[in-house]
Amino acid sequence: MSRFSKAAALAGLLCLGTVAAVAAESFPGVGRPATPAEVKAWDIDVGPDFAGLPKGSGSVDRGQTVWESKCESCHGTFAESNSVFTPLVGGTTAEDMKTGHTANLRRTDFPQRTTFMKVATVSTLYDYIRRAMPWNAPKTLSDDDVYAVLAYLLNLAEIVPSDFTLSDANIAEVQAMMPNRNGMTTAHALWPGPGFGTEANKPDTGNTPCMSNCKPKAEQVSILPDYAWNAHGNLAGQNRAVGPVRGMKTGPDEAEAEAGSPALALAEKSGCLACHALNAKLVGPSYREVAARYAGKDSATALVGKLKDGSEGVWGDIPMPAQTELADGDARVLVDWILAGAPEK
Amino acid sequence: MGSPMKIRATSKDGVTEIKVLMSHEMETGQRKDASGAVVPAWFINEVTAKLGDKTVLQAQWGPSVSKNPYLAFKVKGGQAGDKVTVTWVDNKGDTRTDTATVS
Chain F
3 MSRFSKAAAL AGLLCLGTVA AVAAESFPGV GRPATPAEVK AWDIDVGPDF AGLPKGSGSV
63 DRGQTVWESK CESCHGTFAE SNSVFTPLVG GTTAEDMKTG HTANLRRTDF PQRTTFMKVA
123 TVSTLYDYIR RAMPWNAPKT LSDDDVYAVL AYLLNLAEIV PSDFTLSDAN IAEVQAMMPN
183 RNGMTTAHAL WPGPGFGTEA NKPDTGNTPC MSNCKPKAEQ VSILPDYAWN AHGNLAGQNR
243 AVGPVRGMKT GPDEAEAEAG SPALALAEKS GCLACHALNA KLVGPSYREV AARYAGKDSA
303 TALVGKLKDG SEGVWGDIPM PAQTELADGD ARVLVDWILA GAPEK
Chain U
933 MGSPMKIRAT SKDGVTEIKV LMSHEMETGQ RKDASGAVVP AWFINEVTAK LGDKTVLQAQ
993 WGPSVSKNPY LAFKVKGGQA GDKVTVTWVD NKGDTRTDTA TVS
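Here the protein sequences come in this chain order: F and U.
Using this note's numbering, you'd call the opening residue of the first sequence number 3 and step up by one each time.
Using this note's numbering, you'd call the opening residue of the second sequence number 933 and step up by one each time.
Just so you know, not all the hints are guaranteed correct.
Ranges of calculated distance between the beta carbons of each label pair, as one might list FRET restraints [claimed, not checked]:
hint: 1; chain 1: U; residue 1: K986; chain 2: F; residue 2: E314; range: 25 to 33 Å
hint: 2; chain 1: U; residue 1: T1031; chain 2: F; residue 2: S144; range: 53 to 61 Å
hint: 3; chain 1: F; residue 1: P140; chain 2: U; residue 2: E978; range: 28 to 36 Å
hint: 4; chain 1: U; residue 1: E978; chain 2: F; residue 2: N84; range: 19 to 27 Å
hint: 5; chain 1: F; residue 1: D170; chain 2: U; residue 2: E978; range: 45 to 53 Å
Here are the simulated DSSO-like pairs of lysine-lysine, each with C-alpha atoms no more than 30 Å apart in a straight line [what the hints assert, rightly or not]:
hint: 6; chain 1: U; residue 1: K1008; chain 2: U; residue 2: K964
hint: 7; chain 1: U; residue 1: K1008; chain 2: F; residue 2: K72
hint: 8; chain 1: U; residue 1: K1015; chain 2: F; residue 2: K100
hint: 9; chain 1: U; residue 1: K944; chain 2: U; residue 2: K1024
hint: 10; chain 1: U; residue 1: K982; chain 2: U; residue 2: K1008
hint: 11; chain 1: U; residue 1: K951; chain 2: F; residue 2: K72
hint: 12; chain 1: U; residue 1: K982; chain 2: U; residue 2: K951
hint: 13; chain 1: U; residue 1: K1015; chain 2: F; residue 2: K72
hint: 14; chain 1: U; residue 1: K964; chain 2: U; residue 2: K986
hint: 15; chain 1: F; residue 1: K120; chain 2: U; residue 2: K982
hint: 16; chain 1: U; residue 1: K999; chain 2: F; residue 2: K120
hint: 17; chain 1: F; residue 1: K120; chain 2: U; residue 2: K964
hint: 18; chain 1: F; residue 1: K72; chain 2: U; residue 2: K964
hint: 19; chain 1: U; residue 1: K986; chain 2: F; residue 2: K120
hint: 20; chain 1: U; residue 1: K1015; chain 2: U; residue 2: K964
hint: 21; chain 1: F; residue 1: K72; chain 2: U; residue 2: K1024
Derived by calculation from the structure, the hints in this document are not laboratory data.
Cβ coordinates follow ideal geometry from the N, Cα and C atoms, glycine included.
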């Protein structure tokens, strides 16, 4: 802990003092220091010592109202629901509130670990609800509503009575009643905690960096024979063109070789292929079916009209919507292509 | 005498929706504990719900119902202020009754 915290604290001090100046000096004309209002909007974390906790309060009753309008659909009326997310409440006892350890966590036959069985600090709940809830509209609850929802949850978890009003003044008393408040362990090799980086709690990886007498850098001593280069096709064509890795060109360019008909590309671009396939019925008929029905008939102009104005009842109940965005020339190209049997190339 | 049920009842457009969360072990009698002994069956086998004085739901449950059962149902009638009374009886003869007010 000590080593890391000092480093972190030092870095923090440096940041506070110099970030604005450095940004301004190193990159003149680029960016600007964040305004206090911007920092305030971003800096919403609530620590286990309640640093950053906004002033406010909320009652269990108010929380129930908010809960039933915004939270119930996913978490259930009593926060017991297991259908969308794991249950929030349950599995804790009055005895746990005395000891600060959730006894059910030690049971292997207990069906589920709920949030209140695990969470050690009530500030985490406040922070999380304010930061991330409701799922579809995070950060839309007012600070008082977050207090209220949390009070309702605490009431469901039987930590506070139903006439309780949670506020920044009494949240520390609630912390002293949290069922698993003593259940947090930091004696492990994961940050943060006193065990971090100590001999007794080494991480379970044996990857020690080499500092002396290291192996020389790898040298290429062999290369694939020519005939084997394209054993897996063109590697360049199989990589997404993102980042520095492009893959080696180890064969003919498949994209070039398989360049389809321009009309096919047009059909794809115009969204036709969402409902039509070349050779299979999707929402609409396949293009090969269409070509077969109109084979030998002079129906191209009529079909252009159907594309532009929409059509219904010819191929079943599902109507073809009017393609008003399609240019006349494009519609003609598509119809000619379809009547030609919708060739891929 | 188990721990209390949580009951919520809300009335809207002449229909009362009642939701109940019971707290019960609901042992099936099929499980064995670590030493191989059968864990004796212990489950709710009778549930009754009353709206006011009128019984609106009677159910016979068995061992297939989950631990801490959740029950929700809708009843015609009822208005804010009415009493909802839910009672369960388990196979050991234990029983619990809880009351809530329709809102």
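Verification of the supplied hints:
no.	hint	in the structure
1	U:K986 - F:E314: 25 to 33 Å	54 Å, violated
2	U:T1031 - F:S144: 53 to 61 Å	33 Å, violated
3	F:P140 - U:E978: 28 to 36 Å	44 Å, violated
4	U:E978 - F:N84: 19 to 27 Å	25 Å, holds
5	F:D170 - U:E978: 45 to 53 Å	47 Å, holds
6	U:K1008 - U:K964	44 Å, violated
7	U:K1008 - F:K72	26 Å, holds
8	U:K1015 - F:K100	34 Å, violated
9	U:K944 - U:K1024	37 Å, violated
10	U:K982 - U:K1008	13 Å, holds
11	U:K951 - F:K72	17 Å, holds
12	U:K982 - U:K951	13 Å, holds
13	U:K1015 - F:K72	26 Å, holds
14	U:K964 - U:K986	41 Å, violated
15	F:K120 - U:K982	37 Å, violated
16	U:K999 - F:K120	20 Å, holds
17	F:K120 - U:K964	27 Å, holds
18	F:K72 - U:K964	41 Å, violated
19	U:K986 - F:K120	42 Å, violated
20	U:K1015 - U:K964	41 Å, violated
21	F:K72 - U:K1024	40 Å, violated
In this structure, the hints that do not hold are numbers 1, 2, 3, 6, 8, 9, 14, 15, 18, 19, 20, 21, in rising order.
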